[in-house]
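Q: First to last, the sequence lines map onto chains A and B.
The numbering used here puts the first residue of the first sequence at 1, with every later residue one more than the last.
The numbering used here puts the first residue of the second sequence at 1, with every later residue one more than the last.
The set of hints was computed from the structure by calculation and includes no laboratory data.
Please note that the accuracy of each hint is not assured.
[Unchecked claim] Subject to a maximum C-alpha distance of 30 Å in a straight line, what follows is the list of computed DSSO-like cross-link-like pairs (lysine-lysine):
#1 A/K80 - B/K82
#2 B/K42 - B/K125
#3 B/K83 - A/K140
#4 B/K140 - A/K72
#5 A/K143 - B/K82
#6 B/K42 - A/K140
#7 A/K140 - B/K125
#8 A/K42 - A/K72
#9 B/K72 - A/K140
#10 A/K143 - B/K83
#11 B/K82 - A/K83
#12 A/K83 - B/K44
#13 A/K82 - B/K72
#14 A/K82 - B/K82
#15 A/K83 - B/K80
#16 A/K80 - B/K143
#17 A/K143 - B/K80
#18 B/K113 - A/K82
#19 A/K80 - B/K83
#20 A/K83 - B/K113
2 protein chains.
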Amino acid sequence: MKICEEAKKLNIPHWVRPTPFLTVDGIIKIFNPEFSGIVLIKRKNPPLGYALPGGFVDYGESVEDALKREMKEETSLDIKRKKLLGVYSNPNRDPRMHTASCVFVCEANSLPKAGDDAKECKIFKLEKIPFENLVFDHSKILKNFLNMI
Amino acid sequence: MKICEEAKKLNIPHWVRPTPFLTVDGIIKIFNPEFSGIVLIKRKNPPLGYALPGGFVDYGESVEDALKREMKEETSLDIKRKKLLGVYSNPNRDPRMHTASCVFVCEANSLPKAGDDAKECKIFKLEKIPFENLVFDHSKILKNFLNMI
Numbered sequence: 001m002k003i004c005e006e007a008k009k010l011n012i013p014h015w016v017r018p019t020p021f022l023t024v025d026g027i028i029k030i031f032n033p034e035f036s037g038i039v040l041i042k043r044k045n046p047p048l049g050y051a052l053p054g055g056f057v058d059y060g061e062s063v064e065d066a067l068k069r070e071m072k073e074e075t076s077l078d079i080k081r082k083k084l085l086g087v088y089s090n091p092n093r094d095p096r097m098h099t100a101s102c103v104f105v106c107e108a109n110s111l112p113k114a115g116d117d118a119k120e121c122k123i124f125k126l127e128k129i130p131f132e133n134l135v136f137d138h139s140k141i142l143k144n145f146l147n148m149i
Numbered sequence: 001m002k003i004c005e006e007a008k009k010l011n012i013p014h015w016v017r018p019t020p021f022l023t024v025d026g027i028i029k030i031f032n033p034e035f036s037g038i039v040l041i042k043r044k045n046p047p048l049g050y051a052l053p054g055g056f057v058d059y060g061e062s063v064e065d066a067l068k069r070e071m072k073e074e075t076s077l078d079i080k081r082k083k084l085l086g087v088y089s090n091p092n093r094d095p096r097m098h099t100a101s102c103v104f105v106c107e108a109n110s111l112p113k114a115g116d117d118a119k120e121c122k123i124f125k126l127e128k129i130p131f132e133n134l135v136f137d138h139s140k141i142l143k144n145f146l147n148m149i
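For reference, chain A alone in the conformation it holds in the complex (with noise of 0.2 Å):
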């Protein structure tokens, strides 16, 4: 990987050892009263295309506590988690860096509006989700989740 071969060449203390970046993805189940689908935004960085909410843990963060963040910065809603569908950390599953997410499924109460980075959020029923416009691994997790429910 080419990260690793930059580092090796850099004195970079030991305790910033290449390691993936941990990542929190959520699928966010809107009951507002009645079940009205999961929420994707569409980003403005490319990769272009729909996406999970979801970003980096901090250091010093848990991924609990990332999630929670996360949702609410990309979609304004305060979730709650249900249930980790997996970790997905294939070394090529974002064209970036090598990341690894946490995914985990979660439900809210209200409607999601895009929040400061001014993101679009939309509620997609689960029978019109868009796969071909997914990007990273996204369309491979919702599948699973569709699997899965």
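Based on these hints, arrange chain B on the given structure of chain A.
A: Just chain B now, with coordinates in the frame of chain A:
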């Protein structure tokens, strides 16, 4: 966190932004051929005590591959991965640094023996897990495991 403060002082490229260190741990059920318990290792380095076999995920390596590699290195076992028990990421779970561990339930059909790093390997009956001598949050993990089965 101390590491974050130190990182700010150094001229470190953006791609080494602090992220929790990703690890894997395995709860290996031994069937030889009947179920005889799970494997714990006795640590040679601090923190001292018993622990689930496990270790760091390399950059560019999936958690599944890391699990297979670490179980082989520490117990000499070729494991079958059965189930993701959970992701344990409390920033205080490891006294050395912030780690996030993907814990998998696995199976193996032979007897463990300590690997290259010369840790002691032992099979423990589920009724004889040494909860008081477990390091990190492995006591919590194994309690969750016993609640799940």
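Q: For a quick check of understanding: which of the numbered hints are violated here, in increasing order?
A: 6, 7, 12, 13, 18, 20
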